[in-house]
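Q: Protein chains in written order, with this note's numbering: chain Y, 21 to 290; chain S, 21 to 290.
Do not take every clue at face value.
[Unchecked claim] Between beta-carbon pairs, the in silico distance windows are:
1. S:D131 <-> Y:Q153: 51 to 61 Å
2. S:R65 <-> Y:G184: 35 to 45 Å
3. Y:E58 <-> S:R259: 25 to 35 Å
4. Y:R89 <-> S:K157: 27 to 37 Å
5. S:K216 <-> Y:G201: 20 to 30 Å
6. Y:L165 <-> S:Q153: 54 to 64 Å
7. S:E148 <-> Y:D83: 24 to 34 Å
8. S:A23 <-> Y:K157: 20 to 30 Å
9. Y:G46 <-> S:L165: 35 to 45 Å
Honestly, the hints are just simulated from the structure, not real lab data.
Note that the Cβ used here is the ideal one computed from N, Cα and C, for glycine as well.
Number of protein chains: 2
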Amino acid sequence: MAAWGERLAGVRGVLLDISGVLYDGGEGGGAPIAGSVEALARLKRSQLKVRFCTNESQKSREDLVGMLRRLGFDISEGEVTAPAPATCLILKERGLRPHLLIHDGVRSEFDQIDTSNPNCVVIADAGEGFSYQNMNKAFQVLMELENPVLLSLGKGRYYKETSGLMLDVGAYMKALEYACGIEAEVVGKPSPEFFKSALREMGLEAHQAIMIGDDIVGDVSGAQRCGMRALQVRTGKFRPSDEHHPEVKADGYVDNLAEAVDLLLQHADK
Amino acid sequence: MAAWGERLAGVRGVLLDISGVLYDGGEGGGAPIAGSVEALARLKRSQLKVRFCTNESQKSREDLVGMLRRLGFDISEGEVTAPAPATCLILKERGLRPHLLIHDGVRSEFDQIDTSNPNCVVIADAGEGFSYQNMNKAFQVLMELENPVLLSLGKGRYYKETSGLMLDVGAYMKALEYACGIEAEVVGKPSPEFFKSALREMGLEAHQAIMIGDDIVGDVSGAQRCGMRALQVRTGKFRPSDEHHPEVKADGYVDNLAEAVDLLLQHADK
């Protein structure tokens, strides 16, 4: 593999995944990943542009940012690209009235959305809200529609909490796709539209940006397909087999965000 | 399409699906489908062999048969091919110790199975048991295994209860397949082994038997792939679009079991 200097040449901005890179979620709000608070602070003091690109769909951006700030991270709401606000834009543009299968923590993002007489289903990481009853209700709404539309906030397989691996929205999206014989539209990583909106908000071209994430598919492959570079951290949901993924090869693997920032500050934008 | 006489020539035995053909499940045990009690009685008085081939995995065979007898059906336990007993045979043959994600109603079928220190997961139609917590536990067990084995009792998309369509085990099987990056082994319809075991128990060759079911894939396509003929009833989960399925064409469509039995008694084994 080429030297780091070559791999990171010309990088002017960094897109950061949140869960598994900054912190691991879990009981009591979760815990920062060792070194990440300081690494983010160093990154923000540099000349590199920084934006956060998350599939977090259990919490509103306000709650997410509040929680991260309490953990010590330098982050504000305006710096976060998240799937719930992106979904609201789509719903309004297309005149869609959703049945919401979502976590209560993110419901406030949909306050301005008309949910009467639903003509689509929106599914997000509902956590304990993925009861049989709630899944069955979403299924029944879809089966009643002539043209069933299912919007999924991300399609992650699982994520890591302090207590262990947890099923993510992608598993439940697949369940509804199979039961209804339909294909969901994914809003969030790895959808190219989602990465592009984050790039627009940074004011950078894809080749000038690098994604740092713990998900070899959602983060690394998704960003690369958009023309960005991508590093995978060995924290969060990272598994050693990711480094031998049959289809995806990151532009680099680093132990954690701290190592990624060390390398970026040393080699980027040279 | 050929005349019924031609289509039913040489039939010597009938495999009957239960849910959606004999009765629709639901609150209070469900209700017989109009005409089915009498149709089954007539069929059993004929010279045709009769066996029941079900993917029912919420109830033990004992409870299922007891419930059907209370609804007036002439059925006994020894006449039923069901996935739970078939699964127990597989577990014993392969030395598998399952983590069980199943309905309490079928748990007694697994009484003789060692479930300590699980090295596989068995998933059945758990109904309300498909909580996030239970799904996550099954997921975590699979992710801990070096060679994850997932046995699924059927892979139905949904079934019909008196209150409406209900998500079936197949949706949750797909969720675990996706989350773990594995493929489940299906025990039950449409698995060829399952149909073959039912044929063995009737002592018939595939070309001598006909399946009657409400599921265009699980019943009709599954039986046809084994060399049987198959009728779809327009009861249970039948939907008009099934008659224009892109890949599956039943040997006939009938309004209900009563019509199927009329035709069979008139034309079969001639």
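Q: Would you mind marking each hint as holding or not holding in the structure?
A: Hint-by-hint comparison with the structure:
1. S:D131 <-> Y:Q153: 51 to 61 Å: violated, 29 Å
2. S:R65 <-> Y:G184: 35 to 45 Å: About 58 Å separates the Cβ atoms of R65 of chain S and G184 of chain Y, which means 35 to 45 Å is violated.
3. Y:E58 <-> S:R259: 25 to 35 Å: violated, 59 Å
4. Y:R89 <-> S:K157: 27 to 37 Å: Between R89 of chain Y and K157 of chain S, where Cβ atoms are some 33 Å apart, the hint holds.
5. S:K216 <-> Y:G201: 20 to 30 Å: holds, 28 Å
6. Y:L165 <-> S:Q153: 54 to 64 Å: At roughly 30 Å between Cβ atoms, Q153 of chain S and L165 of chain Y fall outside 54 to 64 Å, so the hint is violated.
7. S:E148 <-> Y:D83: 24 to 34 Å: holds, 30 Å
8. S:A23 <-> Y:K157: 20 to 30 Å: violated, 45 Å
9. Y:G46 <-> S:L165: 35 to 45 Å: violated, 23 Å
The structure is inconsistent with the numbered hints 1, 2, 3, 6, 8, 9, although it conforms to all the rest.
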